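Student: The hints should help you fit chain B onto chain A, whose structure is shown.
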Amino acid sequence: MVGRDYFSPGHRTCAGCGAAIAFRHVLEALGRDVILCQSTGCMEVTTTPYPETSFKVPWIHVLFENAASVASGVKRALLKQGNTHTQVVAIGGDGGMADIGFGAVSGALERNEDIIIIVYDTEAYSNTGLQRSGETPLFAATTTTPAGKKIPGKQEWKKNIAMIAAMHGAKYVATANIAYWQDLQSKVKKAKRLAGGTRFIHVFSPCPVGWHVESCNTVKVARLAVETGLWILYEIENGRLKINYKPTKFAPVEEYFKLQGRFKHVVNNKEAIKLVENHIKETWEEMLRVEREKVNLLKLI
Amino acid sequence: MSEKVIEGSRAIAEAVALCDVKVIAAYPITPQTHIVEALARMHANGEIDCEFVNTEAEFSSISLILGATAAGARSFTATSSQGLALMHEVLFAAAGLRIPLVMVVANRALSAPINIWNDHQDSVSQRDNGWIQIYCESVQEAVDSVIQAYKIAEECLLPTMVCIDGFYLTHVYEPVSIPSKEKVERFLPKFNPKYKLDPEKPLTFGALAFPKDYARIRKQLHEAALRSKEVVGRVNREFHSIFGRKYGNGMVETYGSGETAIIAAGSVCGTIKHFIEHENKKLSLVRIRLFRPFPRREIREALEDKESVIVIDRSVSLGNAGTLFTEVRDVLYEMDKRPKVTNFILGLGGVDVTRKTLRYVIEKHGKVSSGHVEIVEGD
Numbered sequence: 001m002v003g004r005d006y007f008s009p010g011h012r013t014c015a016g017c018g019a020a021i022a023f024r025h026v027l028e029a030l031g032r033d034v035i036l037c038q039s040t041g042c043m044e045v046t047t048t049p050y051p052e053t054s055f056k057v058p059w060i061h062v063l064f065e066n067a068a069s070v071a072s073g074v075k076r077a078l079l080k081q082g083n084t085h086t087q088v089v090a091i092g093g094d095g096g097m098a099d100i101g102f103g104a105v106s107g108a109l110e111r112n113e114d115i116i117i118i119v120y121d122t123e124a125y126s127n128t129g130l131q132r133s134g135e136t137p138l139f140a141a142t143t144t145t146p147a148g149k150k151i152p153g154k155q156e157w158k159k160n161i162a163m164i165a166a167m168h169g170a171k172y173v174a175t176a177n178i179a180y181w182q183d184l185q186s187k188v189k190k191a192k193r194l195a196g197g198t199r200f201i202h203v204f205s206p207c208p209v210g211w212h213v214e215s216c217n218t219v220k221v222a223r224l225a226v227e228t229g230l231w232i233l234y235e236i237e238n239g240r241l242k243i244n245y246k247p248t249k250f251a252p253v254e255e256y257f258k259l260q261g262r263f264k265h266v267v268n269n270k271e272a273i274k275l276v277e278n279h280i281k282e283t284w285e286e287m288l289r290v291e292r293e294k295v296n297l298l299k300l301i
Numbered sequence: 001m002s003e004k005v006i007e008g009s010r011a012i013a014e015a016v017a018l019c020d021v022k023v024i025a026a027y028p029i030t031p032q033t034h035i036v037e038a039l040a041r042m043h044a045n046g047e048i049d050c051e052f053v054n055t056e057a058e059f060s061s062i063s064l065i066l067g068a069t070a071a072g073a074r075s076f077t078a079t080s081s082q083g084l085a086l087m088h089e090v091l092f093a094a095a096g097l098r099i100p101l102v103m104v105v106a107n108r109a110l111s112a113p114i115n116i117w118n119d120h121q122d123s124v125s126q127r128d129n130g131w132i133q134i135y136c137e138s139v140q141e142a143v144d145s146v147i148q149a150y151k152i153a154e155e156c157l158l159p160t161m162v163c164i165d166g167f168y169l170t171h172v173y174e175p176v177s178i179p180s181k182e183k184v185e186r187f188l189p190k191f192n193p194k195y196k197l198d199p200e201k202p203l204t205f206g207a208l209a210f211p212k213d214y215a216r217i218r219k220q221l222h223e224a225a226l227r228s229k230e231v232v233g234r235v236n237r238e239f240h241s242i243f244g245r246k247y248g249n250g251m252v253e254t255y256g257s258g259e260t261a262i263i264a265a266g267s268v269c270g271t272i273k274h275f276i277e278h279e280n281k282k283l284s285l286v287r288i289r290l291f292r293p294f295p296r297r298e299i300r301e302a303l304e305d306k307e308s309v310i311v312i313d314r315s316v317s318l319g320n321a322g323t324l325f326t327e328v329r330d331v332l333y334e335m336d337k338r339p340k341v342t343n344f345i346l347g348l349g350g351v352d353v354t355r356k357t358l359r360y361v362i363e364k365h366g367k368v369s370s371g372h373v374e375i376v377e378g379d
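Just so you know, the sequences run in chain order A and B.
Counting from 1, one number per residue, gives the positions in the first sequence under the working numbering.
Counting from 1, one number per residue, gives the positions in the second sequence under the working numbering.
So that you can see chain A by itself, here it is in the shape it has in the complex (with noise of 0.2 angstroms):
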């Protein structure tokens, strides 16, 4: 696959990283005509060490916080030049984007720029070694949430930052995960083909070392997300949800938990384990239900 090529091998990644995928998968769909604005993080720091770099299309790094703004930039200097084809792309971890640069990407979706959004989610700041970010799930243990004697890992739930982008009345939302690349890929193409406003892709990537999970599991632990109902993968256009995937029967939590060194301390707390399958209960239900009454969600705004 030719696409491919626009995300260079040799780049610095650990063995298993679920970025990458998402990286690989993402730049085959947006194609050549692209320019990539990044924010600071593990897909910066191990792509571009000078004077090297993995990506064959125009790429620009400046800060860690800024990503949104700088490519809301390089798309209105585009339009003053007369070229309206090429596609602008912000793109950087939960931490650089629904933490620290949430302000910029806030403000490029309540101005609309015709840019595309997209955030790989890690659950937590994995190029600082894995620390708690918002996206961190409840329970997760990072070095700074560890699962202590007193406190069971993270306290609060993971904060959901494809549906605030839906409420600021994107024109397209879209959740998507590297274990369902074709699902990825097409998100991503429509995304492009939906020009003329801002479109946000919220992608989960499984961080194999941070999350500690075995690095040939990473596409195994990213399904199970799916599977266990933790992680939907839907649309929104024009403010209709979709759901693009419905498991028949949703596994038991415990196998994704099994499967990584982050929930290891509540893998057999059946408290805990209830509290998160009834909070996938009540999400999936009122999910559901919204794609079943055709709810517009931007009569909400």
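Any given hint might turn out to be false.
Okay, the calculated beta carbon distance ranges per label pair [said to hold, decoys possible]:
(1) GLY196(A) x GLU301(B): 31 to 37 angstroms
(2) ASN238(A) x PRO113(B): 48 to 54 angstroms
(3) GLY258(B) x PRO49(A): 55 to 61 angstroms
(4) VAL45(A) x ARG355(B): 53 to 59 angstroms
(5) GLN155(A) x SER111(B): 31 to 37 angstroms
(6) TYR333(B) x PRO49(A): 37 to 43 angstroms
(7) VAL45(A) x ASN115(B): 37 to 43 angstroms
(8) GLU301(B) x PRO9(A): 56 to 62 angstroms
(9) SER177(B) x ASN296(A): 55 to 61 angstroms
(10) ASN45(B) x PRO51(A): 44 to 50 angstroms
(11) PRO9(A) x GLY46(B): 48 to 54 angstroms
(12) GLU200(B) x GLY196(A): 22 to 28 angstroms
(13) ASN244(A) x GLY46(B): 40 to 46 angstroms
(14) GLN81(A) x GLY46(B): 18 to 24 angstroms
Please keep in mind that the hints were generated in silico from the structure rather than gathered at the bench.
Predicted model only: the values in this text are computed from it and were never measured.
By construction, the Cβ of each residue, glycine as well, lies at the ideal position given by its N, Cα and C atoms.
Tutor: Just chain B now, with coordinates in the frame of chain A:
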């Protein structure tokens, strides 16, 4: 070219419009706001053909114009005080990436206590980030410096900050000569960067540099900053040949020939000139127009025959002394005959610097020994 009486901010906006700017990012902060408001009106009325983006923070404004300029469009933003402080991280990155941004800083004090009035603490605190810094004395100079700044920045591949005193210059109505479009086009070439974000010629901007590469790249940046001084001087001469106005040698401007030299920057220099003219011809003024890169040789030459030197700062490096003072004294160290030098920090947070203030400074300078540092709270 005709003179008209307009507000400083409006005049600056007109200068920006003359520079074929394609992307403007705006965020309100006093006393800068009138500049972007004037540009917003021009944009809304179709008088300027550009993208006008209202961002959610100054951090995004500067990031947005960085992206726009990296993609080949001449851009603009303006800020003050807290907004500039918020941009701090991006300012270093812009210089390190060699993106020739131009920004107007309407100088204002920094919190706390919160204060909207003028001093130079905001931009002086950004002296080490690789930006060229030009300080203006009048609205006319602000207009001319904006036009010059694009030429300087784009030739040196260094971002350039035009610093103008908040309220004293942003809100004042003065007779200003707005240059003609035709002359500006003759002076300022089209923005056509050699390196830009372009799918036809993919480049990587903002790579990770390991220690040796980092040190080499930073050294190149420092050398570029030092070299840019010559460009500032040359652009000042070129500007003079087309528009008939110049500002000293572009770096420093001297006024009067008295044996005691006052060194200062910004609009307070107008007051000092007036004071010299009408009250005390034993004084002379060395106005610092270019603060970064620091014009060491030009300052030394201007002070060569002076008996004593008074450095007036509009900011203070807390726990040490006025910033300009420490830098001027550093230059004096290289001189065979070192004059006496004192430091008076005036006009913090908008305290007016009056003739009475200057009388006090001159008298006190005569009584104290070299190295005296004093913050004057007001008359």
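Student: Evaluate each hint against the coordinates.
Tutor: So, going through the hints one by one against the coordinates:
{"no.": "1", "hint": "GLY196(A) x GLU301(B): 31 to 37 angstroms", "verdict": "violated (59 angstroms)"}
{"no.": "2", "hint": "ASN238(A) x PRO113(B): 48 to 54 angstroms", "verdict": "holds (50 angstroms)"}
{"no.": "3", "hint": "GLY258(B) x PRO49(A): 55 to 61 angstroms", "verdict": "holds (58 angstroms)"}
{"no.": "4", "hint": "VAL45(A) x ARG355(B): 53 to 59 angstroms", "verdict": "holds (58 angstroms)"}
{"no.": "5", "hint": "GLN155(A) x SER111(B): 31 to 37 angstroms", "verdict": "holds (34 angstroms)"}
{"no.": "6", "hint": "TYR333(B) x PRO49(A): 37 to 43 angstroms", "verdict": "holds (42 angstroms)"}
{"no.": "7", "hint": "VAL45(A) x ASN115(B): 37 to 43 angstroms", "verdict": "holds (40 angstroms)"}
{"no.": "8", "hint": "GLU301(B) x PRO9(A): 56 to 62 angstroms", "verdict": "holds (58 angstroms)"}
{"no.": "9", "hint": "SER177(B) x ASN296(A): 55 to 61 angstroms", "verdict": "holds (57 angstroms)"}
{"no.": "10", "hint": "ASN45(B) x PRO51(A): 44 to 50 angstroms", "verdict": "holds (48 angstroms)"}
{"no.": "11", "hint": "PRO9(A) x GLY46(B): 48 to 54 angstroms", "verdict": "holds (50 angstroms)"}
{"no.": "12", "hint": "GLU200(B) x GLY196(A): 22 to 28 angstroms", "verdict": "holds (24 angstroms)"}
{"no.": "13", "hint": "ASN244(A) x GLY46(B): 40 to 46 angstroms", "verdict": "holds (45 angstroms)"}
{"no.": "14", "hint": "GLN81(A) x GLY46(B): 18 to 24 angstroms", "verdict": "holds (19 angstroms)"}
Comparing the model with each numbered hint stated earlier shows that hint 1 is the single one that does not hold.
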